[in-house]
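S.K.: Mind docking these for me? Both chains are given alone in their own frames, and the hints should help you get the complex.
Top to bottom, those sequences are chains A and B. Counting along the first sequence from 1, when you hit position 49 you're at 49 in our numbering, and nothing is skipped either side. Counting along the second sequence from 1, when you hit position 261 you're at 261 in our numbering, and nothing is skipped either side.
Take the hints with a grain of salt, since some may be wrong.
[As the list claims (entries may be wrong)] Calculated lysine to any residue pairs in the SDA-like style (CA-CA distance at most 25 angstroms, straight line): (1) 218(B) x 177(A); (2) 218(B) x 258(A); (3) 196(A) x 258(A); (4) 108(A) x 51(B); (5) 218(B) x 171(A); (6) 189(B) x 126(A); (7) 189(B) x 177(A); (8) 144(A) x 213(B); (9) 144(A) x 191(B); (10) 196(A) x 204(B); (11) 218(B) x 182(A); (12) 189(B) x 95(A); (13) 144(A) x 209(B); (14) 218(B) x 175(A); (15) 189(B) x 127(B); (16) 108(A) x 205(B); (17) 189(B) x 182(A); (18) 218(B) x 202(A); (19) 196(A) x 215(B); (20) 189(B) x 258(A); (21) 196(A) x 195(B); (22) 144(A) x 215(B); (23) 108(A) x 196(B); (24) 189(B) x 180(A); (25) 189(B) x 66(A); (26) 144(A) x 207(B); (27) 144(A) x 204(B); (28) 144(A) x 195(B); (29) 218(B) x 126(A); (30) 144(A) x 192(B); (31) 144(A) x 120(B); (32) 139(B) x 180(A); (33) 189(B) x 202(A); (34) 144(A) x 193(B); (35) 144(A) x 214(B); (36) 189(B) x 196(A); (37) 189(B) x 108(A).
Quick caveat, the hints were computed from the structure, so don't treat them as lab data.
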Amino acid sequence: MNSPAFVPKKDATAMIDPISQLEWEFRLPPVPRAPISATPISMETMVELRGVTKLFGSMTAVDAVDLQIRKGEFLTLLGPSGCGKTTILRLLAGFEVPSAGQILLEDKDVSGVPPYRRDVNQVFQSYAIFPHLTVADNIAFGLKMRHVPRAEREQRVNEALELVSLQGLGLRRPHELSGGQRQRVAFARALVCRPKVLLLDEPFSALDAKLRHAMQLEVKHLQRQLGITFVFVTHDQEEALIMSDRIAVINRGRIDQLGDATDIYHSPASAFTADFIGEANLLPSEVVHKNGVSAQVRLAEGLELNVRSSAINEGSRQALLSVRPEKIYITRNKPMKENAFKGVIEDEVFRGAMDELRIRVSTNLSIMAMVANESAHERAWHKGDTVFCAIHTDDVVVVEQK
Amino acid sequence: MTTTADPRAAIASTQRQPGTTGWLLLSPMLLWLGLFVVAPTAILFVYSFCQRDELGQVVFEFTWSNYARIADPVYLNILVRSLWYAGLTTAICLVVGYPVAYYIARSPVQRRSWLLLTVMIPFWISFLLRTYAWISLLKAEGPVSGLLEWAHAIATPLDILYTPTAVMIGLVYTYLPFMILPIFTSAEKLDNSLIEAALDLGANPVRTLAHVIFPLTKPGIYAGVLLVFVPSIGMFAVTDLMGGARVPMIGNVIQNQFGQARDWPFGAALGITFLALFVIAFWFLHDRGEVRR
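Just chain B, same shape as in the assembly (with noise of 0.2 angstroms):
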């Protein structure tokens, strides 16, 4: 056999295009992205540069000053609290749930699946009442501060809600399976005879992590870093209901304007803006995510 043609041309040309028969099979979907995505984006992104009135009603015509309002301190605040507040969560979801998802990964089939579902459980009850059983869990009187005093943990009943602790907490707890689940899938497929090809060769345990299992299972840490980074930003309801609105985020500020302050425009201008924010992190994630194999 003699191959003088580029072999990845050769892989290219087998990734085909979608026939008749694809876009039949596709278009509910597309239906349903046209339908509830594209076209109230498309509605967002007109109201963003109209004006309302003082009743709250949009007003079309056009202007800026929705995006001006944007650069207000008090805004760009809540924006920087926001991002910290994502990062942190994706930054302690990713080490509290990278092991966690090696482990599972690496586990016999059977115990595999069992474990797999306890990761999936909590989904099987409302968010809401999981927050709210948070919050019981966590007020002053609750069992967690009676078991640190009984302890002599603490000294004094636990005063933690309504702080940006119990909003880490409820973010991280609520956000960790979707950081779980695609390292999960990562770390399932690497062959365990690379793991034993870099030890053989000489890497200790920590080296072959760094050189071998890190880069390997990358896509996964990617997903699971836009999973939980993207969805947390926006996230209100943990906020409002383990931060009592004191430390509200940018979801907060978005729900309020198509609420209480019935300002349209200006939610619309804060939502694209942040669209936008994601769609560039999405590029530059992906562009990395893409491991060549």
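In isolation and in its complexed conformation, chain A is listed as follows (with noise of 0.2 angstroms):
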């Protein structure tokens, strides 16, 4: 059985409004949106990486990527810092060449053009706001230098403050505007070029967690209502299980994995995105027998699991399984269950919903047990208490095996 509960609910959390939460100096009622899927996403591509590397000195920053981004699609960069994600993006963006490869927008090499002809505009993580304009002029600056006439440069300005809800603050000074303020300026400043590509560099980095959430939706809704791609730089695993069609995990200058959220999240591909996404049990084991129907390992001595025999190649001897926390399954009495072993609970952290358990299971093997907390008057697991642990054939993922 799998869990519902604990996979991130991605739909759930958008009945909150994001308006409600945010500071504001007058109210406004809430703009209406489009129902989230109002754009599909088509499968043309609107950019495409063809074998980019990018060299800083004798530091490779981006190995040899290839990546195809899909016409009106959020996709995420997620990676740890100095994973090459940002390099990717300024790459993107025009302000670094790459070393070798090429950079396709819309089928069109653009690797050597400059960031002032690329239909690609940037929400930088500072914003970098104008601090010598106006609200309204710094919006304006981009449509300026396109030589947009005046009349539709201030309709089109209008537009653009109303669609980031700052309606009657075009006139303030940049240092008169709160960061949540400020970043909306930034946004509607990239958006009302109308560009091919939204680059985002971190932008909810200097929010708090109230404030960044409600962003996060919004700027989700946003997309879906523009049907612009939007390409998100980002090393928040949540942040980009919330927003992304897809994510591409970076790791040293590579993509580790490309997929949607769910994919990224039950099927890690390597050890290094199952340990970057959520929270992991990385389990070495050795293969002990392996046919068309099952296939079993062992973590250590008298503790063998059951796996799905499609997940082990034929002739692997050692495999790296892992296991999310939540989807181990914790209870007083032995289940009628396979993969069902006995442990001792170790330690016990409050984490708030959750319940975080360290069960010691065999002489030199602990796991990572993650269970709902369900009361607040008594907890159900104390520690030293003997319990059973039971893990779906489904829910073990091979990340690795030689």
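M.R.: In structure tokens:
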């Protein structure tokens, strides 16, 4: 059985009205929003990276990356700091020129095209609002540079202000705005140019948790409503899971895995992805047997697990397994299930909605499990309890084998 | 959070008045300024309305005549020439200094300090020594002339010493660092992402310079203009040594009144007039230099 309760709640959280959580100087009725799937993502390619490599001196920041970004999709480049995700974004913006490979925008090679001749705009991490210009002049900047006539410019600036719910603040100076408002200006300034691709460089990292979550949902709605291709860079795996149509997990300048949120979470292709996204028990094991019907691995003496036969390659002798902590079911009595084993609770950490349990299942193996925190008055599990753990065969993911 | 108050009021309230400790810390400088700037200026102001006797002594009898003398075409000419030279010096320093300052500010930190050092090194050598060095460099039998002749760039030996050209070279050389340093300070504070944002929004490098980089380094430009223009207008050593007193500026005239001519009241009137001009110019530039951030 799968456990839907612990899957990232993509849709349930969309119920919160983001407007109500923001700091407003005056109230406005919420902007009517299109349903979340207003613009279907086409299969056409908007941006293509072909063997793109970027060297800084002897350091390889981006290592032969191939990537196709679809028209209208929300693609996230996710990885730890220094993995090369920001360099990929800067290559797309035109601030860096690839050392090798090609970048194609709508099938045209733009590798050497400077940023001011690309139909791509960016929302900067620091927002980069021009301090010497008013809000309206900031938003009008890109239109002015593209010689849009004054009347049209004013109209589009007003539309953009409305789009990000900043009506009436056009004449303010940037230093008179709050952080959240400044970010909205950054979005409006980039979107008013109607770019083919919008690049976002960790735009929410400076916001507090509540505001960040509201903005995540709002930006997601905005993207769906406008149908513009978004390329989003973040190191926050939760943010990536909430917002993205597809996620490219980046590690050491390479794409480790590319897929949608559930793919990446439930079927990590590598130990790195399993460990980086959410939490994972990474368990080394030996392959005991494998045939067409079943396969069995040994974690420790007397601790064997059945895994999907298709997950183990012919001839593999060792396998690294990934098991999500919330996929481990804890019971008092021995369950009538396969993959059940006994353990002792070694440690218990209260984490709000969840209880984190560290369970010793063998002399030199302990695993982490997450259980719902059932009651405020009594906790179901205590340190020292002897419990039974069960793992569904489908929840054991083989991330490496040899 | 709901902020109904004017945010400008909140910002203003954080700029505190100096307390007792503040005044105490300021006192040495206030004493210095009082004794050596305010008091002498007051004396000059009084002198400027006085007369002189045949021996050059100051006679305390009220007169406007010193100020009336400034309107004499001889002095007006020198005044206009001084303004022109100072203005040209400022313009050349700005055109030459801005790219240098910008380049230094945009260099990696380690190279930046080396480059700054090269700007500062001339200050370690006596100003007079450097001026005399220029004289021997520029004279007809000097190395600059020799090099140009050798390269067939000129046919006859260089004859620029004791000409306005030499004075300009001397002035620009002397004041260039005072243009570079404040612009450097401004450009160093410029956030690189603002430049990238301008490029990203479709501004080519020239327009980025005009619409983002110049406006945001304005405080440095104004400070540099002030620091070059004001002292170069009163400069007398360079004009004396490199202009051979053939191209006197107002500084030379003032120096002369307090020296050989022994006409302190007239010198004082010239000095006070210039002070008044500077104060007006400063107010004008200061109001503009304050870029509202």
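S.K.: Hinted pair, alpha-carbon criterion (25 angstroms max): residue 196(A), residue 215(B). Please report holds or violated.
M.R.: It is violated: about 30 angstroms lies between the C-alpha atoms, which goes past 25 angstroms.
S.K.: Are the Cα positions of residue 196(A) and residue 195(B) separated by 25 angstroms at most?
M.R.: Given pair residue 196(A), residue 195(B) holds - Cα atoms ~21 angstroms apart, limit 25 angstroms.
S.K.: Would the hint linking residue 189(B) and residue 258(A) be met if the CA-CA limit is 25 angstroms?
M.R.: 40 angstroms, violated
S.K.: Is the hinted pair residue 108(A) and residue 196(B) satisfied, with a Cα-Cα distance of at most 25 angstroms?
M.R.: 23 angstroms, holds
S.K.: For the pair supplied as a hint, residue 218(B) and residue 126(A), is the alpha-carbon distance within the 25 angstroms limit?
M.R.: At roughly 22 angstroms apart (the allowed maximum being 25 angstroms), residue 126(A) and residue 218(B) satisfy the hint.
S.K.: Just to be careful, I want the Cα atoms of residue 189(B) and residue 95(A) compared with a cutoff of 25 angstroms; is the pair within it?
M.R.: Within the cut-off at roughly 20 angstroms; holds.
S.K.: Take a quick look at whether residue 218(B) and residue 175(A) sit within 25 angstroms of each other, Cα to Cα.
M.R.: 18 angstroms, holds
S.K.: Does residue 202(A) sit within 25 angstroms of residue 218(B), going by the straight-line distance between their CA atoms?
M.R.: 31 angstroms, violated
S.K.: For a C-alpha distance cap of 25 angstroms, please report whether residue 144(A) and residue 120(B) respect it.
M.R.: 41 angstroms, violated
S.K.: Holds or violated: are the alpha carbons of residue 144(A) and residue 204(B) at most 25 angstroms from each other?
M.R.: 12 angstroms, holds
S.K.: Residue 144(A) and residue 213(B): Cα distance at most 25 angstroms?
M.R.: 17 angstroms, holds
S.K.: Residue 196(A) and residue 258(A): Cα distance at most 25 angstroms?
M.R.: Given pair residue 196(A), residue 258(A) holds - Cα atoms ~22 angstroms apart, limit 25 angstroms.
In the structure shown, a violation is registered for the earlier hints numbered 2, 4, 15, 18, 19, 20, 25, 31, 32, 36, 37, in ascending order.
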